[in-house]
Amino acid sequence: MRHTLAVLVENKYGVLTRVAGMFSRRGYNIDSLTVGVTDDPTMSRMTIVVRGDDEVLEQVTKQLNKLIDVIRVTDLKSEDSVERELALIKVNSDVTNRSEIMQIADIFRARIIDVASKSMVIEVTGDEGKINAIEQLLRPFGIKEMVRTGKVALKRGQKSS
Amino acid sequence: MTKATEKMTGARAFIECLYREGVDTIFGYPGGVLLPIYDELYDADIRHILVRHEQAAVHGAEGYARATGKTGVCIATSGPGATNLVTGIANAYMDSIPMVVFTGQVPSSLLGNDAFQEANITGITMPITKHNYLVQDANELPRIIKEAFHIASTGRPGPVLIDLPKDVTVQEIDFYYPDKVNLRGYNPTYHGNMQQIKKAAALIGKAKNPVIYAGGGVISSDASKELIELAEKVKAPVTTTLTGMGGFPVEHELFLGMPGMHGTKYANYAIQESDLLIAVGARFDDRVTGKLKAFASDAEIIHIDIDPAEISKNVKVDIPIVGDAKWILQKLLKYADPSQSEKWLDRIAHWKKTNPLHYVPPGTGDGIKPQYIIEQISEACKDAIIVTEVGQHQMWAAQYFKFSEPRTFITSGGLGTMGYGFPASIGAKIARPDRVVFDIAGDGSFQMNSQELATVVKEDVPVIVAIFNNGYLGMVRQWQELFHNRRYSATCIQDSVDFVKLAEAYGALGIRATKRDEVRPAIEQAIASGRPTVIDFVVECEENVSPMVPAGAAINEILDLERKE
Ligand SMILES: Cc1ncc(C[n+]2csc(CCOP(=O)(O)OP(=O)(O)O)c2C)c(N)n1
Ligand SMILES: [Mg+2]
Chain A
1 MRHTLAVLVE NKYGVLTRVA GMFSRRGYNI DSLTVGVTDD PTMSRMTIVV RGDDEVLEQV
61 TKQLNKLIDV IRVTDLKSED SVERELALIK VNSDVTNRSE IMQIADIFRA RIIDVASKSM
121 VIEVTGDEGK INAIEQLLRP FGIKEMVRTG KVALKRGQKS S
Chain B
162 MTKATEKMTG ARAFIECLYR EGVDTIFGYP GGVLLPIYDE LYDADIRHIL VRHEQAAVHG
222 AEGYARATGK TGVCIATSGP GATNLVTGIA NAYMDSIPMV VFTGQVPSSL LGNDAFQEAN
282 ITGITMPITK HNYLVQDANE LPRIIKEAFH IASTGRPGPV LIDLPKDVTV QEIDFYYPDK
342 VNLRGYNPTY HGNMQQIKKA AALIGKAKNP VIYAGGGVIS SDASKELIEL AEKVKAPVTT
402 TLTGMGGFPV EHELFLGMPG MHGTKYANYA IQESDLLIAV GARFDDRVTG KLKAFASDAE
462 IIHIDIDPAE ISKNVKVDIP IVGDAKWILQ KLLKYADPSQ SEKWLDRIAH WKKTNPLHYV
522 PPGTGDGIKP QYIIEQISEA CKDAIIVTEV GQHQMWAAQY FKFSEPRTFI TSGGLGTMGY
582 GFPASIGAKI ARPDRVVFDI AGDGSFQMNS QELATVVKED VPVIVAIFNN GYLGMVRQWQ
642 ELFHNRRYSA TCIQDSVDFV KLAEAYGALG IRATKRDEVR PAIEQAIASG RPTVIDFVVE
702 CEENVSPMVP AGAAINEILD LERKE
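Each protein sequence line maps, in turn, to chains A and B. This note's numbering puts the first sequence at residues 1 to 161. This note's numbering puts the second sequence at residues 162 to 726.
Hint data in this document are derived by calculation from the structure and do not stem from the laboratory.
Simulated pairs of lysine-lysine, DSSO-like, Cα-Cα distance not exceeding 27 Å: (1) B/360 x A/62; (2) A/77 x B/477; (3) B/396 x B/495; (4) A/62 x B/492; (5) B/530 x B/662; (6) B/307 x A/12; (7) B/492 x A/66; (8) B/341 x B/168; (9) B/231 x B/487; (10) B/530 x B/563; (11) B/394 x B/514; (12) B/492 x B/396; (13) B/231 x B/563; (14) B/168 x B/307; (15) B/474 x A/66; (16) B/487 x B/307; (17) B/676 x B/543; (18) A/77 x B/474; (19) A/66 x A/155; (20) B/307 x A/66; (21) B/369 x B/487; (22) A/62 x B/454; (23) B/359 x B/386; (24) B/359 x B/487; (25) B/452 x B/474; (26) B/452 x A/62; (27) A/66 x B/231; (28) B/359 x B/492; (29) A/62 x B/487; (30) B/477 x B/452; (31) A/62 x B/474; (32) B/341 x A/66; (33) A/66 x B/477; (34) A/12 x B/341; (35) A/62 x B/359; (36) B/530 x B/676; (37) A/66 x B/487; (38) A/62 x B/477; (39) B/307 x A/62; (40) A/62 x B/341.
Bound conformation, chain B alone (with noise of 0.2 Å):
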């Protein structure tokens, strides 16, 4: 067969392969050795959304992502604009969310001489991307971004970065795109072995104490569907992780809540009763399981991951299946026979009954509680994609949140990255434009990507934040209160900034509450607005999360916290 081939420069090349690879929207921000890529991106066919910080654009990039399946893109330049990519590439990396970052680089002649703005970013994002490459002819290109895009979207998926030296971009080259790669070292198993799902299948039946555990790999793999069948055949009550959420109904009657330290006492005390837990896509992070030893310990373990180096890494498995959630969980589906579940569930619905989630809602007064505001905007919009921050808010947006798809909470899991939020939200509500999308901030965690309020105005992406403005860096303080006697150094914020004026100043929408029948017109006229809006919600300053696994506690040692009126 012969090549398809045609001359054009590396700058030309980069745009063909991403309409190859289907990219229609990139998150950048331009820079000196990026001038010939800007200027083909001037009139490509692909949106580019310009952000006001690097950070912005990678998780943008993420947000992207997380709300489609697809992989993200983002671009920045050379130096200070590849290192303020950092900490979105680490989180991308923790989450493993499919993303391909591209930066700009010093010429190739002047690598390793401390060139202007040149900074070793290959060399930095080692341990944080899955893989990455520095260009080093422009001919290897259309090879690598193939690459790029596939291992970014394989096995488990995680970011992938292309450092691009500035003559690369201009160099001439003749173009074709491969349609295959060829990666002898890279060959992620899908299929789990037969052998080990009948054994697992065989358990499941015998179980009497069955819990399922389901970790975001479920959101990857698309499995939400197979989960659904596996668990309402085979008779199992569901507790989804923080990334997980969504990837089961918080509705269905087999639904447990969160694990872990900021869990559902029911979540906790069924895992710590099981007989055998069932593991999907979950890597058993040190925020579920609490104390190691005490986690689980009557309970069998099957493991179903994607990632062998997962298995047995945390927690030892008896049944590791490694391979695709989905299928395995389809083939689980047919092999499986009902667990013998009855009085565990009885079990589970008494504790359920007597150990709701709750909070105490304010007696006399008419302060907002901030987990009302989350129960106005679950009944006002229950559709919404809910995007948060990071910190108290964040917990209660996915303890109080009626979550019923995949898809829709997108959070920052792994990394816990304060300021992600609002610029996840905008790549969220570019992928789904007919979604309401809400970032549930942190009055903390907004101001640290606030300036995107320029980007959501000027591209006009109508995204909802609501700001439940405590004056806190809340989480640190209800952790100095409770284990640093009330001593709280450097985490008041009060009165930073008037989010209204603020968001006014940008020209978006700014709405004020301050007291709880203010809430749901709030949300309402924010989403009838169709604008950028923020809502500042003066929310109870000092109320806590609750309940609470306190640090290398067992996750059934959960405690209430809530505060008395």
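So that you can see chain A by itself, here it is in the shape it has in the complex (with noise of 0.2 Å):
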């Protein structure tokens, strides 16, 4: 099971290393970390996705809610909260299939961001599913290089509390 959990900062030096050194030494798997400032500068959000049954996710919240540092931690179960990874894909291309790529790009409402003679680079956001599909897609061209940010999430309706 997989778990997305919004865990709000404060914006000091060392709380990254914290977090991750708490996650290694009792040996919970992160799957994403993503971590920003937020409106409040004294404040960083990051949101973490971690693999476990209810029971580590239980421990994981306690944990992290031991940690000095961490204001609050907050479950965002995929029904109430927005979720969005952004990858940026180079692709092969060449005169040939530019198009079809550019076809392809249009469908996921993804953006060409680069164009070179032989390569282009794809912009997409999206959930995790969606950009594992245009991933899909592009791969026959040969994919050279992408990189994805990692999975940031929002509860949807008011401040979660």
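Once you've looked at the hints, go ahead and assemble the two chains, each given alone in its own frame, into the complex.
In structure tokens form, the structure reads like this:
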């Protein structure tokens, strides 16, 4: 089971190390972790995707809360939150297939952000499934490089308490 | 309101902060980057105990903390001084002891350059501190020290480390000590949920075979009195863990002794047959539970703990109550009715009678049984503070001393640190000069910090080190005997040193006892001398700690190991 945790932390040096260290020390698996400052510059927000059953999730949440620099942990259920990930995909392309690739990008509402003689770079945002799908379709052309941001997520509606 | 401020250096501010936290004693060892701080300590109104190895500073501070409940304080220089503290910090973390640890650090401008005596001590200690700080600006020092003492001593206590770059200690600041902390990510729960407490009370009233399993949390929350009152009111027997020892009087008729690997048979039988287990400030350590799946498998479990992360960590709990043990026990006392334990208490009395802790006294010989020494110390000095090293002697101390009050048993529980006891006993004696303090030591463990004989003599700290000299790393030898065919690989340490001469070389009193009838006189002589003393008790060398739950077995599968004469 995968869970997405929104972790509000103090925007201080060393916080990322504390959080990552806790995960590795206790043997929890992180699928992805993103971090960035919030609207309040003294706080950062981490989105952590973690694998484990409900008991693991409960322990992870409690151990996170034990860290002094962690302000709040929220379990984001996919039904009532919005999730996005961004990927940049550099794919082999030349005049013979350029339009075919552009068509694929179009279907996914992805954008071409760089075109060179033998490759182009596509930017795509969406949930994980969508990014996996476009990756599949582009693979036959030859993916030269790819980078994914990891998931960011927010609860729908009002502020997550 | 205007803030009262005063100009001073970071080093001076450090002293002022310690005054405001009521620190009267600090254990430490100087070094280059600490020069400004040691210059201030020179005429400060704080007793500085100069140890001979930084490990002793950190254990000393822990002994002080455990004997008093106050926060222990120690300091060491950057690099090797700081890394020498690591074992002691880990020890305090495992046993949840409040400490503030200061380390010197190279000047900020050199940080990250592999400068001389630079060690990334905040990085190294991240997993073994409750929190730690690298001070980047002396103006933040008072706030950080205030927070550190607050974090160390509240909630589930633990060590907090503050790393002080040298430039911070010479920087001039406007000193102002905050009277409040503001930590939005730290807010321990003290008051247990009343609904949960009432549910627990109802379960207690219905229980037929209740057992209270109390740990170190009872000591740290000062809940011993409440524990006794609750046990008496609800008529439930009590077992205390190694770190909970002293939280319930050994001679109380409801006392079961220690649970687990070297616990009493009747504590283990009682837990296994209980229908309600009330855990108070205990964490279901593997040395207590044995085979987890078989632990108290018929019992409903109430777990009272201040740390939510301990709830259902190892054993699934039916009624968790997060909060301060003292507060929660007071409420339980109010709402709980006596349990239905008449028959149960009869069964337990029967188990106690048929399976007492025992050892076989030597038949004809006059050799010294180690258990006998503990019994004699217990008789000679009932209110002594007993500190221990780690090994067989530690288990015998826990099994045979008749503790009657909290904070009189100080031992390395979670980490099991050999070399802990002697320095910790120094801290305990300084904190409680009115009490006789024994370090119950093994010949192996004592040699891990015997250099502190210099400290106790120079600082005139009259602790009594009782070495149980069996010529072996006995606890490991016991396992080799039982599980490795008596192949005593690297556990024989016979004739390491003449401990009496070693004591005398430092200017301490040295006494040797080799016969049973020399035991009591040696103890009396040491107490009467009022001097730092080492007693070399030459004990039977292959005595085993008994009973014992083999690793991986259920705790009722507990074996007698005594050696027949
Ligand atoms: C620092 C450290 N190193 C190793 C161990 C493993 N260990 C546990 S007990 C023990 C033997 C202790 O010997 P001694 O102090 O003579 O006590 P005895 O068991 O003989 O009473 C050892 C080596 C430990 N607990 N701590
Ligand atoms: Mg020994």
